[in-house]
Structure formats: C-alpha cells, structure tokens
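J.: As a plain string of letters, each chain reads:
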Amino acid sequence: MAEERFDCVVVGGGPAGAAAAYTMAKAGLKVALIDRGEFPGAKNVFGGVLFRSQLEDLLPEFWKEAPLERLIVEERLMLLDEQGMVTLSHRNPGFADPPNSWSAMRAQFDAWFAGKAEKAGAVPVYQTTVTELLQEGDRVVGVRTDREDGDLYADIVIVADGVNSLLGKALGVHREWQPDEVSLGVKEIIHLPRNVIESRFNLEGNEGASIEFLGDTLGMTGLGFLYTNKESISIGVGIMVNDLQKARVKPYAVLDHVKQHPYIRKLIAGGEVEEYAAHLIPEGGFHSMPPLAGNGWMICGDAAQMVNAVNGEGTNLAVLSGRLAGETAILAHVRGDYSLGMLDHYNESIRASIVFKDLKKYSGIHGLLSGPERRVLFGKLPGVLNESISDYMSVNGITKEEKQKMLIHQLRDAAGGNVELLRLGLKGWRAINR
Amino acid sequence: MSASIEERLYTIRYKADEQSHLIVKDQEVCAQCPSKDCLFFCPADVYDWDEGTRTLSIAYENCVECGTCRLGCSEQNIEWKYPMGGYGIAYKLG
Ligand SMILES: Cc1cc2nc3c(=O)[nH]c(=O)nc-3n(C[C@H](O)[C@H](O)[C@H](O)COP(=O)(O)OP(=O)(O)OC[C@H]3O[C@@H](n4cnc5c(N)ncnc54)[C@H](O)[C@@H]3O)c2cc1C
Ligand code: SF4
Ligand code: SF4
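Heads up: the protein sequence lines correspond to chains A and B, in order.
In this text, residue positions in the first sequence follow the numbering used here: the first is 10, and each later residue adds one.
In this text, residue positions in the second sequence follow the numbering used here: the first is 430, and each later residue adds one.
Hints are computed from structural coordinates only; laboratory data are not their basis.
Be a bit skeptical, because a hint or two may be false.
[Stated by the list, open to error] Keeping only pairs whose Cα atoms sit at most 20 Å apart, straight-line, the calculated EDC-like set for lysine to aspartate or glutamate is:
1) A:128 - A:221
2) B:444 - A:283
3) A:255 - B:477
4) B:510 - A:157
5) B:521 - B:457
Bound-form chain A, shown alone:
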C-alpha cells in the first residue's frame, strides 16, 4: 500500500463500522473500511436477533435482500430452575407487522452490510489488522496496519473495533474493562430440519421464535438465549467474567448444563452442532461509556460499551452510533474542522439518541447484576418461584388464600426476609427507571 490519504479511515467492519463507512461513502467522502477478518463478519458472533428500526433508517427495506433467517413473531421470557420453568410468552400479529426483528448469522450479515458500504464507494481493506493509531501531538492522523507499508492517513479515524477495543485502550479513552464489565457468551448453532423447528415452536413459513432465559446458569450472573433460524437453532449463555473466574467452571459446561434442562433438551433434541462460538459482550452499561470523541477521532459500538444488556440490543445501537459518527464526519469534512470542538457534535447526537437514553434508564442494572443481590436473582429466586407456582397451581385441598400466603412467604424467604425482598424489588425497579 502506497501512503494514501483518506477523508476518513474506519477501523472495524462490524455493524458500527459498516454503518459509518456507508453513511460517509454515500455522501461522497473518501473512506477506507479496515477489518482484520478474512472478510467482515468472520470474527463476529451474536445471539442473535437483528432489529429493524435503526438499520431501516440507513437502508430502507433492507430485509428484502439482506441474508436473514426468520422473522421473529413470538418472544418468550423464561425463568428456569433445575427442572422447571415459568414462562411469559408474547405473540400478536401487530408485533411482526411492520417487522420488529429477525434471527440472523453475523458471518453472513456483516459481510453483506460491509458490501453495501463498498458499493457506496468505501475502499475495502480486509485481512488487515490495525496495530496502532498514528498521532501527531494530541491529534489522531491515521492508522498503522500489519501490511507492508501499511500506514493510512486520514482527517478522521472512526474506531469501531468491538468489545476488546485495543485501539480505544491505546488512546487512553477507557481504562481496561474490569471483569464485571463484560460477559463471556458461548454459543452453539444446532442443525435441525425446517419442519421439526416449525412444529416444535409452533411456526410456519419464515416465522421465528426467540426465547430469553434467566437462572440455572449454576447460580452465576447469566442470561441465556435460544433463537430459531431457518434450519438451525442458536443457543447460548452469557456469564459475567468475574463470576466465571470465581466459579472455576468451564463456560461450555454451563451451556451443557442448560442444554440438559428437561424443557430445553426437547427443543434441541436430535440436532447436530454446526458451529461453536464464543465472544465477549459489554455489560458495563451507562457508567462504562468512555468519552466518545477527540481531535481527529470518534469511537462507536461495542468499543464504547453501547449495549443494552436488559433488552439484548447491541447491533442496533452499533448501527445508530456508526451512522451518527458518519454524519458528524460529513459535517466536519464540509467545515474542514476535525478538532474535538467539531467532533463533539457526535457526542451530542448520541446524548439525544436512544443509545444514551436507554443506557441511562438502565444505569442501575450493572450494580444489581454485579452486586450481592445477584446470588438471589440468579440462584435462589428462580427455584423458589418455580416451586411456589407449582404449589399454587396444584389442586390439593389447600385453599387459594392459604396458597397465596405461602407463595408470598416463599418469595420473601428466598430474598432473606421482608425488608430484603422490598429492597431487592425497589433496587430492581430503580435499576430500570432512571
């Protein structure tokens, strides 16, 4: 590569980087999109479901050509104990019209999305790892790659290098993540024939179902997911790294444990593992978000901890932040000003968006999930709730009034008394209502 100048270099071809590159290239800026994978998406993993809204703002009716699996028409939330489960399930024609989300595979979707940026004019620089940011004084002026003569210069560098964000760390925008600011997700894609999936989940055509579950991750802070694809099921668990450190269990053993749950086991029975995967998930939320811009740079997506762990939203926030960074870069290009004063516009757009507002609303969640309450939430409570509901629903000669009292007592005891139950409830409520 000869020394080349770009208006903007984007590091990372995930949803954040592709959205930024697409936005800028479409406006006529000279953009390079760098990814270290064999192709964009080769390194990327999610649950996962892609949400329509933020992608549609960028690519109207993208679902007519993007590689997607199934349209999610039913969502279930499940509280598992060792043998049983309590489920809240929702299906309603209006929920899927207009579409809300689809199951998808990242190696396929990300490659397609980056292809859109290429078609808009972004220069693909794949199979290339950025090893450092080039700086002059306090200004970022380009990137160094592991290619021979691999320095690329640009007015602006957009850092969209995902959760490990070695570049964000090198910039000093964030100190290293603490083990309670990230979860490790382990996942399997399990092949099953189309008709088996459709009958097991009550689906037809391209309809799909999603299940999120809590509990039975061996008492650790963990959430699980199960999504239907066309001819496979994605199943996985995410466990906070600090819990994983302490528990000394292999992460895939937690997944095996969940896969053997009597209810889950039957949903995946007879299937064959097509691919195993593991990836970190940012879980720090609002308080872990670093400064978002400086002289000559902006940072988006997972690299800036923009994940709403409560609702399993990450790709959509990545897309939105990438677009907003791209739009700021266009403005900066027009004005010929790449200083923090100008790029702070991106910071302001984020503050006015759902990225900031939703993460702020859930800013207490991180404390709840990493504090002592998690033992109750992920350990005792699912079991007790399952038992109490079994009791409540059994017809065994005990009066309903008596049963109601028992239910409340059991929950109270699980939380460690009335005061504790109240405190947990209040803390949970506050965690999602800021």
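Chain A is already provided as a structure; the job is to place chain B with the ligands on it using the hints.
T.: Relative to chain A, chain B with the ligands alone:
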C-alpha cells in the same frame, strides 16, 4: 448430546498463523499463580498446566479470540494481540 471441546472446536474454521498471538509474559508468575483461573474460563481450553515442566502451555491455534484471558488473568500475565490480518478464527455462521 453434549459435544467434547475437541468436537466443538472442530466445527470452527481457522487459518492458523505461524506465530502465537498469545504470549505468557513470565512463566514464573504462572508457576506462583495460586488460582490458575485461565485453566477454567477459556472457552477453547487453550491453556494447560504441565506440572512436570512447570510451564503453562498455549494451544493458540484453538483460540477463538474472545479476550477473556486478557481481562480474566488476575496477574495480567498474558500478552494479548490479534493474529495477523486474515489469520485466526473465521466463522462460517457466527
Ligand atoms: C453472545 C452474544 C449475543 C448477542 N446477542 C445480540 C442480539 O441478539 N442482538 C443484538 O442486537 N446484539 C447482540 N449482541 C451484541 C452485538 O453482537 C454487538 O453489540 C455488536 O456486534 C457490536 O457491533 P460493533 O460493530 O461495535 O462491534 P463488532 O461487531 O465486534 O465489530 C468489530 C469489528 O472490528 C474488527 N476489528 C477489531 N479490531 C480490529 C483491528 N485492530 N484492526 C482491524 N479490524 C479490527 C473485527 O474484526 C470486527 O469485525 C450479542 C453479543 C454476543 C457476544
Ligand atoms: S491465570 Fe494468569 S498468571 Fe495464572 S496461570 Fe493463568 S496465565 Fe498464568
Ligand atoms: S482469547 Fe479467549 S479463546 Fe483465546 S486464549 Fe484467551 S480466553 Fe481462550
């Protein structure tokens, strides 16, 4: 139908680099490390402790590049880089 870790890793496509992107900074620190958490939290069983030679071995070809050891080694004794561009893990599905 739980697969072994070997069977699981077998489902992933890799293009192995000739050099390890993971380096133990100081074997002595590992030898003294009481918890050796890396033997558990790594989702690809990359780390192995050999009591005979008292060294921590790294099967870097199996690494899925998740970054857990980067944050999870309490001694910060792993020098963690990405493999060369184009090398390492290449998911078919993700
Ligand atoms: C188990 C799991 C389940 C999830 N489930 C969902 C879900 O159901 N729905 C949802 O919306 N979100 C989900 N998420 C979150 C979602 O995956 C992320 O929020 C999203 O991928 C963030 O996009 P990004 O572009 O910021 O980062 P990434 O997608 O991680 O992209 C970063 C890119 O940068 C490249 N890169 C990194 N460093 C360099 C470098 N130095 N040089 C060159 N290239 C580099 C990488 O190859 C990669 O392509 C899940 C995540 C996990 C791990
Ligand atoms: S946890 Fe760190 S210091 Fe301890 S054995 Fe593993 S790599 Fe070595
Ligand atoms: S990056 Fe992940 S897979 Fe690779 S050695 Fe570290 S913990 Fe294991």
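J.: All the hints need checking, so say for each whether the structure fits it.
T.: Here is how each hint holds up against the structure:
For the hint linking residue 128 of chain A to residue 221 of chain A, the alpha-carbon distance of about 36 Å lies beyond 20 Å, and the restraint is violated. Distance restraint check for residue 444 of chain B and residue 283 of chain A: the Cα-Cα separation of roughly 18 Å lies within the 20 Å cut-off, and the hinted pair is therefore satisfied. Distance restraint check for residue 255 of chain A and residue 477 of chain B: the Cα-Cα separation of roughly 18 Å lies within the 20 Å cut-off, and the hinted pair is therefore satisfied. At roughly 18 Å between alpha-carbon atoms, residue 510 of chain B and residue 157 of chain A fall within 20 Å of each other, so this suggested pair holds.
Between the alpha carbons of residue 521 of chain B and residue 457 of chain B the distance comes to roughly 39 Å, so the proposed pair goes past 20 Å and is violated.
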